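Asker: In the order they appear, the protein sequences are chains Z and R.
Take the first sequence: its letters are residues 1 to 257, numbered as in the working numbering.
Take the second sequence: its letters are residues 1001 to 1257, numbered as in the working numbering.
Calculated directly from the structure, the hints in this document are not laboratory data.
Please read all numbers here as calculations on a predicted model, not as lab measurements.
Beta carbons are placed, not taken as given, at the ideal position from N, Cα and C, and that holds for glycine.
Worth double-checking, as some hints may not be accurate.
[Stated by the list, open to error] Okay, the calculated beta carbon distance ranges per label pair:
1) Z:D159 / R:E1017: 57 to 65 Å
2) Z:S120 / R:H1121: 42 to 50 Å
3) R:P1076 / Z:D97: 43 to 51 Å
4) R:I1019 / Z:R115: 28 to 36 Å
5) R:R1078 / Z:A134: 15 to 23 Å
6) R:R1021 / Z:R141: 33 to 41 Å
7) Z:A20 / R:N1137: 38 to 46 Å
8) R:P1191 / Z:A24: 35 to 43 Å
9) Z:Q206 / R:R1078: 32 to 40 Å
10) Z:L119 / R:S1014: 27 to 35 Å
11) R:R1078 / Z:P35: 30 to 38 Å
12) Z:A20 / R:P1076: 33 to 41 Å
[As the list claims (entries may be wrong)] From chain Z, some residues computed to sit far from chain R (all C-beta separations above 12 Å):
13) W13
14) H34
15) N41
16) E102
17) L124
18) A134
19) R164
20) Y172
21) P173
22) F183
23) Q189
24) A194
25) F196
26) E203
27) L224
[Claimed, not checked] Sample of chain R residues at the chain Z side, in silico, Cβ under 7 Å:
28) A1069
29) L1072
30) R1078
31) R1081
32) R1082
Protein chains: 2
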Amino acid sequence: MKSSSGHFNGRPWSESEFIARLRAVGNQSYHDKHPFHVLMNEGGLNRHQLQGWAANRFYYQTQIPIKDAVILANCPERDIRRVWIQRILDHDGSDRDIGGIEKWLRLGEATGLGRQEMLSHSRLLPGVRYAVDAYVNFCRRQPWVIAMASSLTELFAPDLMSKRIAAFRKHYPWVAAKGLRYFRGRLRQAPRDADFALRVTLEHCQSREMQERAVAALKFKCELLWAVLDAIHLAYVLSPSQPHEPSCQHDQAKPRQ
Amino acid sequence: MKSSSGHFNGRPWSESEFIARLRAVGNQSYHDKHPFHVLMNEGGLNRHQLQGWAANRFYYQTQIPIKDAVILANCPERDIRRVWIQRILDHDGSDRDIGGIEKWLRLGEATGLGRQEMLSHSRLLPGVRYAVDAYVNFCRRQPWVIAMASSLTELFAPDLMSKRIAAFRKHYPWVAAKGLRYFRGRLRQAPRDADFALRVTLEHCQSREMQERAVAALKFKCELLWAVLDAIHLAYVLSPSQPHEPSCQHDQAKPRQ
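All chains should be modelled from the sequences, with the hints used to inform the complete structure.
Answerer: As structure tokens, then:
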């Protein structure tokens, strides 16, 4: 809350109130409630729509290591960098793990997309690109602690992932189980990452101003994830004849009425 | 070479000529020939001067993972990021290795510096800070390939490191051998890192313009390393009564005449 002089003048929230306010953002705005995800979990998507989602969300995946490298570059604390770097290893892969980007490529392939098609981002919707780029730019320009706080959507991810795995098994059995490896990996990674990001946020956001900025960062991230799905929902569910639709839509798109 | 219209119009160099030009930069400008390093390897530094070098060079060490994260954030090639990230792990440390920054702290301690003294950068000379910051900014703003090319000073590092290890054993036996762990680590890391950076540079700098930019980047890096030693040499060897000298200098400084 800003005073008339433009300075934050509230007393710092207690740790439990701070956490409650962070959780409230997720409970209210996390994209698990987006109509596209609801439709997905109900089994209401056809192959083309699922492909559109996988292809577009792939752009988000490609930018995650960039985003985390940006945060790493802004973070002067070696002990924190040593933990945060695991996110890049998890996503780009390492000698021990093929990595999240590769796992997402395999998910896309399991839906019938071509690898090259994904890598070329030929189905990428402008609205998705803008939202994802806004995320990387936010993390580049904000203090590293606030950028880390924006990742706290991971607090809410495991629920979404486990529901999604169940929904895929039930409603989209044509997506081979090995395609779901990304989701399974996140069941383990997201809670570990969120725990650490929450600890950093609590420790480094002690003033009311920083606490409010952390809450706002999480809200920004929720809005961004929501906007990604808005663009996908509009293009693939509501108005499948958008000009940016690939030409193959008429063969495959069966929008739900 | 630029034409009158400002465009590079030379034919690309052959790979062997490109490599020869890169090597020529190092042969001419690498900081192994700097008077301070010559003095160091001859055994001409006293404890205070060696401490001044270790404390100032520590700032460079702290910025290396930042510099590499900046490059990572600018690099869209996952396969290259997967290799480059090893530099950050090597320097920040990981579960498997204490890391180069910690090794340098131990070197400093072996010269008699306090850990906190190093971490607070209380002896950091302005000229050293400016040069090191210029390096990080260069890597932030240049194309990632050119930033990677600037690291090719590592082609020349192993020679300097092995001479330094021998010189420390001979002339500075009061520096405990365990303090030299950083140098020993670099004997293995630098050639591996330089090999990869050279491969990237050769593969991605195919035009004459990019080749010339890579050579210029290496020259920039050599100048920067040289400038770091200039500042140290001026403060600790030539003019030990500079105002930025710590107050203990009168007890310890024995400048060589």
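Asker: Evaluate each hint against the coordinates.
Answerer: Against the structure, the hints come out as follows:
| no. | hint | in the structure |
| --- | --- | --- |
| 1 | Z:D159 / R:E1017: 57 to 65 Å | 59 Å, holds |
| 2 | Z:S120 / R:H1121: 42 to 50 Å | 46 Å, holds |
| 3 | R:P1076 / Z:D97: 43 to 51 Å | 21 Å, violated |
| 4 | R:I1019 / Z:R115: 28 to 36 Å | 34 Å, holds |
| 5 | R:R1078 / Z:A134: 15 to 23 Å | 22 Å, holds |
| 6 | R:R1021 / Z:R141: 33 to 41 Å | 38 Å, holds |
| 7 | Z:A20 / R:N1137: 38 to 46 Å | 41 Å, holds |
| 8 | R:P1191 / Z:A24: 35 to 43 Å | 54 Å, violated |
| 9 | Z:Q206 / R:R1078: 32 to 40 Å | 37 Å, holds |
| 10 | Z:L119 / R:S1014: 27 to 35 Å | 32 Å, holds |
| 11 | R:R1078 / Z:P35: 30 to 38 Å | 32 Å, holds |
| 12 | Z:A20 / R:P1076: 33 to 41 Å | 39 Å, holds |
| 13 | W13 | 31 Å, holds |
| 14 | H34 | 28 Å, holds |
| 15 | N41 | 30 Å, holds |
| 16 | E102 | 8 Å, violated |
| 17 | L124 | 14 Å, holds |
| 18 | A134 | 16 Å, holds |
| 19 | R164 | 24 Å, holds |
| 20 | Y172 | 27 Å, holds |
| 21 | P173 | 31 Å, holds |
| 22 | F183 | 20 Å, holds |
| 23 | Q189 | 16 Å, holds |
| 24 | A194 | 21 Å, holds |
| 25 | F196 | 15 Å, holds |
| 26 | E203 | 19 Å, holds |
| 27 | L224 | 18 Å, holds |
| 28 | A1069 | 4 Å, holds |
| 29 | L1072 | 4 Å, holds |
| 30 | R1078 | 5 Å, holds |
| 31 | R1081 | 5 Å, holds |
| 32 | R1082 | 5 Å, holds |
Comparing the model with each earlier hint shows violations of hints 3, 8, 16; every other hint is respected.
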